[in-house]
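Line order of the protein sequences matches chains A and B.
Add 2 to a position in the first sequence, counting from 1, and you land on the number used in the working numbering.
Add 1 to a position in the second sequence, counting from 1, and you land on the number used in the working numbering.
Take these hints with a grain of salt, some might be off.
Only pairs whose alpha carbons sit at most 27 Å apart, straight line, appear in this in silico DSSO-like list of lysine-lysine [stated by the list, open to error]:
| # | chain 1 | residue 1 | chain 2 | residue 2 |
| --- | --- | --- | --- | --- |
| 1 | A | K138 | A | K105 |
| 2 | A | K185 | B | K31 |
| 3 | A | K31 | A | K96 |
| 4 | A | K185 | A | K83 |
| 5 | A | K78 | A | K106 |
| 6 | A | K177 | A | K138 |
| 7 | B | K31 | A | K168 |
| 8 | A | K185 | A | K31 |
| 9 | A | K31 | A | K168 |
| 10 | B | K7 | A | K13 |
| 11 | A | K177 | B | K27 |
| 12 | A | K96 | A | K209 |
| 13 | A | K96 | A | K106 |
| 14 | A | K13 | B | K27 |
| 15 | B | K91 | A | K185 |
| 16 | B | K31 | A | K177 |
| 17 | B | K7 | A | K177 |
| 18 | A | K168 | B | K27 |
These are calculated hints, taken from the structure and not from any lab test.
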Amino acid sequence: MSRIIVVTSGKGGVGKTTTTSNLGAAIAKQNRSVALIDADFGLRNLDLLLGLEERVVYTAIDVLAGECRLAQALVKDKRLKGLVLLPAAQNRNKESVQPEQMKKIATALAKGYDYILIDCPAGIELGFRNAISAAKEALIVTTPEVAAVRDADRVIGLLEAEGVNKINLIVNRVKPWMVEENKMMSVEDVLELLGVPLIGVVPDDEKVIVATNKGEPLVLGEYDSLPAQAYLNIARRLEGEKVPFLDLMANQGNLLTRLRRMFGG
Amino acid sequence: MLNMIKRLLEMLFPWNNNTNSRSHAKSRLKLIIAHDRASINSDMMEAMREEILDVVARYVEVNRDEMEFSLSNDQRMTSLTANLPIRQIKRMSELTEQLKENKSIDLQHIEVVEIAKEAEAKPKTP
Chain A
3 MSRIIVVTSG KGGVGKTTTT SNLGAAIAKQ NRSVALIDAD FGLRNLDLLL
53 GLEERVVYTA IDVLAGECRL AQALVKDKRL KGLVLLPAAQ NRNKESVQPE
103 QMKKIATALA KGYDYILIDC PAGIELGFRN AISAAKEALI VTTPEVAAVR
153 DADRVIGLLE AEGVNKINLI VNRVKPWMVE ENKMMSVEDV LELLGVPLIG
203 VVPDDEKVIV ATNKGEPLVL GEYDSLPAQA YLNIARRLEG EKVPFLDLMA
253 NQGNLLTRLR RMFGG
Chain B
2 MLNMIKRLLE MLFPWNNNTN SRSHAKSRLK LIIAHDRASI NSDMMEAMRE
52 EILDVVARYV EVNRDEMEFS LSNDQRMTSL TANLPIRQIK RMSELTEQLK
102 ENKSIDLQHI EVVEIAKEAE AKPKTP
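Construct all of the structure, not just a fragment, from the sequences and the given hints.
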């Protein structure tokens, strides 16, 4: 039985696409087949983060228009067996697809893959409704900031109203030293506010930007970095494994790192 | 350079800057999230209130001037609290008559608090 999971956040810029690409790669690394669907029509980026942008030939719109078969539109990742991407159209807007059509595509893919991850666009309009139409589960990505948490709460409410009840939370871009100095909400604070189960904590790390520059998910290149570990752990938790959360506070109290941070900005 | 010294001082003497923006963020969010979750439009709320009152009125006589209706939040549960002061409880015979006619309304998901208490407290009201 394959799982159809939507990655969503409400607010833009919190790391949905980065999460989808890394999680997709992390799941594929566990020898599971994964199809990633970019549901952000008009503003697609998942292909770019995966480094597959030059190999996109057909998009979901072409499949829906009957101009190609579903299998033809899938871009296979050569680095990882079992990872494919269904790109979104870039020349159309979010209104060019309907929830029913997205559902059709996702359920068709579910026949051939263990996991279907849907990268949801920001907002709660049609693009959001398209992305969640087929989903049985949701991963909420948020950062410990007021706007992101508020929007996450709104989206959780909407998902529950649509009958998506298996909802897990990923807290992204945590800066442990700021939490320690009471300048940022902690993961516990966010959990208490949102009231959904936690499945991952990803620290803020420059390596994430470097990896996106290269079009190579962290879990492939810098797999021993802290954020890559965090993504790999989420993939294992999705499989039902009990994996302890990373101790992000370790290393933070160290005077040397504090000084370096202060002078290094 | 001045800025750097300032940051160094702040770091060495953390008690000097008691700007705890973390708890500030949390308390603001608590409020706004409760407000967001409770957003149900007033027409709907009014319609629901009338319907609930109709049902309750079949069993007891309610004091409409003193009743309260409100939505509140706790974790992911939003609950509706209705406080309906009771004037008089209807007779059993009257009730069975009415029940024969209508039993289609489902009250399962509504938390009507304190009706029982009120009923106990004011049974002798004329």
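Here is how each hint holds up against the structure:
no.: 1; hint: A:K138 with A:K105; result: holds (11 Å)
no.: 2; hint: A:K185 with B:K31; result: holds (17 Å)
no.: 3; hint: A:K31 with A:K96; result: violated (31 Å)
no.: 4; hint: A:K185 with A:K83; result: violated (42 Å)
no.: 5; hint: A:K78 with A:K106; result: holds (21 Å)
no.: 6; hint: A:K177 with A:K138; result: violated (31 Å)
no.: 7; hint: B:K31 with A:K168; result: holds (23 Å)
no.: 8; hint: A:K185 with A:K31; result: violated (36 Å)
no.: 9; hint: A:K31 with A:K168; result: holds (24 Å)
no.: 10; hint: B:K7 with A:K13; result: violated (34 Å)
no.: 11; hint: A:K177 with B:K27; result: holds (16 Å)
no.: 12; hint: A:K96 with A:K209; result: violated (31 Å)
no.: 13; hint: A:K96 with A:K106; result: holds (17 Å)
no.: 14; hint: A:K13 with B:K27; result: holds (18 Å)
no.: 15; hint: B:K91 with A:K185; result: violated (60 Å)
no.: 16; hint: B:K31 with A:K177; result: holds (21 Å)
no.: 17; hint: B:K7 with A:K177; result: holds (21 Å)
no.: 18; hint: A:K168 with B:K27; result: holds (25 Å)
Going through the hint list in order, the structure does not satisfy hints 3, 4, 6, 8, 10, 12, 15.
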